[in-house]
Amino acid sequence: MFKKTLLASALGAAMLTAALPQAAVAETTLRMAYDADPVSLDIHEQLSGGILQLSHMVFDPLVRWTKDFEFEPRLATDWEQIDDTTMRITLREGVTFHSGNPFTAEDVAWTVDRLKQSGDFKAIFEPIETVNVIDDHTVEIVSKRPNPLLLNMATYIFPMDSQFYSGETEDGKAKDEIVKNGNSYASRNVSGTGPFQVTNRQQGVRVDFERFDDYWDSESPGNVDNITLTPISENATRVAALLSGDVDFIAPVPPNDLERIESDEDTNLVTMSGTRIILFHMNQDRVEAFQDPRVRQAFVYAINQEGIADRLMKGFATPAAQFSPDGYSGHNPELEPRFDLDRAKELMAEAGYEDGFSITMMAPNNRYVNDAKIAQAVAAMLARINVTVDLKTLPKAQYWGEYDDRAADMMMIGWHSDTEDSANFHQYLTECPNADTGAGQYNAGNYCNPELDQLMVDANLELDLEKRGEMLQQLEQGLYDDAAFIPLHWQDLAWASAANVDIEPVVNVLNFPYLGDLVINEE
Amino acid sequence: MSTHSTATSTRWERFRDSYLLYSFKRDVIAQVSLLVFVVMVLAALLAPWLAPANPYDLAQIDILASELPPFWIDGADPQYLMGTDSQGRDMLSTILYGMRVSLVIGFGAVALQAALGVCFGLLAGYLGGRVDAFLMRLADIQLSFSTLMVAIVVGALFKAIFGGATYSDYAMWLLVLIIGLAEWPQYARTVRASVLAEKSKEYVDAARVMGLRSRRIMFRHILPNTLSPIFVISTVQVANAIISEAALSFLGLGMPETQPSLGSLIKSGFDYIQSGSWWITLIPGLVLVVLVLVINLLGDWLRDVLNPRLYKG
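Residue numbers (numbering that gives the first Met the number 0), protein chains in the order written: chain A, 0 to 522; chain B, 0 to 312.
Hints are computed from structural coordinates only; laboratory data are not their basis.
Wrong hints could be hidden among the right ones.
Cβ-to-Cβ under 10 Å is the rule here; a few derived chain B residues that face chain A [as the list claims (entries may be wrong)]:
1) S17
2) I60
3) N306
If you want the footprint, here are the derived chain A segments under chain B, 3+ residues with CB under 8 Å [said to hold, decoys possible]:
4) 233 to 241
5) 251 to 262
6) 306 to 313
7) 374 to 380
Partner residues are not named here, just some residues of chain B that face chain A (Cβ under 10 Å, in silico) [unchecked claim]:
8) D56
9) S65
10) P68
11) G162
12) G163
13) Y169
14) S199
15) E201
16) V203
17) N224
18) P228
19) Q273
Even glycine gets a Cβ: it sits at the ideal position worked out from N, Cα and C.
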């Protein structure tokens, strides 16, 4: 109690708010509405924005990104490169899990081990050879080869409670089992070190969080005691809920409502230009025509990226022609969107598909900003090159299951680089699929070009960053020439909250709001 | 030849002298309603010739022309009189085509309901006993499933069995079938009640004594005397069926996104209603309201005319 009052006063003064904070007697509750709730409580089941947002609430990473892309120590307090392939990490002491178990080096080793088994995460952690436990609060991470991105990876290591997840459930299943889109122990039970504990979860209805009493980070200014997360998939309803005061924090904010929220005095709006690429895959396994690069190019030429970014996204997105957004080392400034309907028709004719063909298309309807509308617009654009599209849009809870089954000829996906590096896009979205290494885990186009894969491997071994950037740009050029996928745009980010909820300091371009540090000012 | 023309002329004379026409001539609301209704039906029927664009042809849609306002607002393109929706569809054309869907579903579903309901009602009322008990319990069971629920289940099953592409092709007929099957008890109950009242009258006894078969008595003797309530229910049910279709499409369970009806058009504009582009929802919404209103007004008028207590007493 004392601590909270003190912090609140300090912050109140800093924020120059008129209202003086009262003694923190009442509990502070944040009611927030996202477009969807997390699909599982197992943070290794799916590599997705929703799961990582959950990870930052219930768990803590070893290190995390600050707003200006510095590493901020969390469960790791110190790190030191011992030789080319080994990094020694000192862990925070006095940290406990929600279950009451103490956090030790064993948990880190156990977590990395589990990450290397997870179908979705293994490709990121492939370069890690092993984790050696030195003592209770020191580990050494050994890489297979010199690895400039090890700390970037560490932002994805959220140590899990190894004791809690060890053993078997009553029906004889291992507690640490990872089942995709299934019903495993870890998908229903959770124990982390994070600022919040899950107290109640009804999938698709609501998730309740409560602040963890023994949270290690006593420096954190965060004063939220309870969080209620309600999924509201309808854009207009989500905005109306905020404006009417039913919820205090919403994301994403639909582009057509930005002005309305900005002009409302009772709400805060925070926007950032984003780095998440939205794209369509063309499945070469399901549709023979897609094996012909001319057909793939024709599809790319038929899509008006500028039109979508301008009209559907209201300029709240940047039209894309490649994976890497501006600012990434792999961003190739020469690649421009290539909308040209006549060229598209020519290419279709050259490939012998003048009369077009029929395909199926799937897209989520509550994952990316305006996802279903974008899919409809793309279907309409493809009609101009005589391609008939059977479009199905579905909620993300079902969509990712269909995605893993590669259930349609064209599927939409958005990708934010997990390592803030260009190679991650290719590794997950266009590398030749390989279930053992996890390569191409989200490559629903089944595109495969071993030369480009080799280029990426070479780039990852290159320690000269300038040379590496050139190689990655070459990789983008190769994908562009081959029309490996249909890039649409980089989606901008927007969050909105009630005026007394200070979201600006906790949101970031990664779209992982650090809600543990969120401050709600007393009204 | 001459007998035939006399027959028609007397029929025409009978209509000219009827109370129906007499009251219609004196009821301005009924006249206006009928006029509006006829105009809407004609506009819907002639949609392929009247509409400036074909909203179901995706190749004609241009995303760059999306969310244009109707002609009386600045920034409108004269090519799109009523503006465009968020995908760049011409609103006027989509509304005309959407009205076609609404009317086909309205009348188709009611024809199906009436056919089923009248047959079951006649059988139950005339035969009585176990048939009556069975059919009326069936009606009770049917009524306890809401139309929406039936639509969700049937639609999902159909999509699962035949796939989304087939569903898009037959969505309109499937909706006719669903709404038709879900609401037949409305007819059956009313017809049964009328039949029970008529059954004990002397003309029925007379027909039976003459040795006529049950089927003939039911359809040729009793049915004509129960027509008035059937007409009145029909007008209400057409309006209901149109609303049901709009509701289903609004929820995403009706017409596919690529073939918008009034309901799905209202849904697609819902995101924009408070952020400037209100016409995407408001205009089709108004059209829907007017269409249902005139049908209901006609139904009201018809009920007053056909209700013996109101005009004879």
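Verification of the supplied hints:
1. S17: violated, 51 Å
2. I60: holds, 4 Å
3. N306: violated, 44 Å
4. 233 to 241: holds (count 5)
5. 251 to 262: holds (count 5)
6. 306 to 313: Our answer is that it holds, as 5 residues pass the Cβ test (under 8 Å) against chain B, meeting three.
7. 374 to 380: holds (count 5)
8. D56: Result: holds, 7 Å to nearest chain A Cβ.
9. S65: holds, 5 Å
10. P68: violated, 14 Å
11. G162: This hint holds: G162 (chain B) lies near chain A, its Cβ roughly 8 Å from the closest one there, short of 10 Å.
12. G163: Result: holds, 5 Å to nearest chain A Cβ.
13. Y169: For Y169 (chain B), the interface hint is violated, since the closest Cβ of chain A sits about 13 Å away, which is over 10 Å.
14. S199: This interface hint is violated because 56 Å lies over the 10 Å limit.
15. E201: violated, 62 Å
16. V203: V203 (chain B) check fails; min Cβ-Cβ to chain A is 56 Å, beyond 10 Å.
17. N224: violated, 51 Å
18. P228: violated, 41 Å
19. Q273: Where the cut-off is 10 Å and the nearest Cβ of chain A is about 7 Å from Q273 (chain B), the hint holds.
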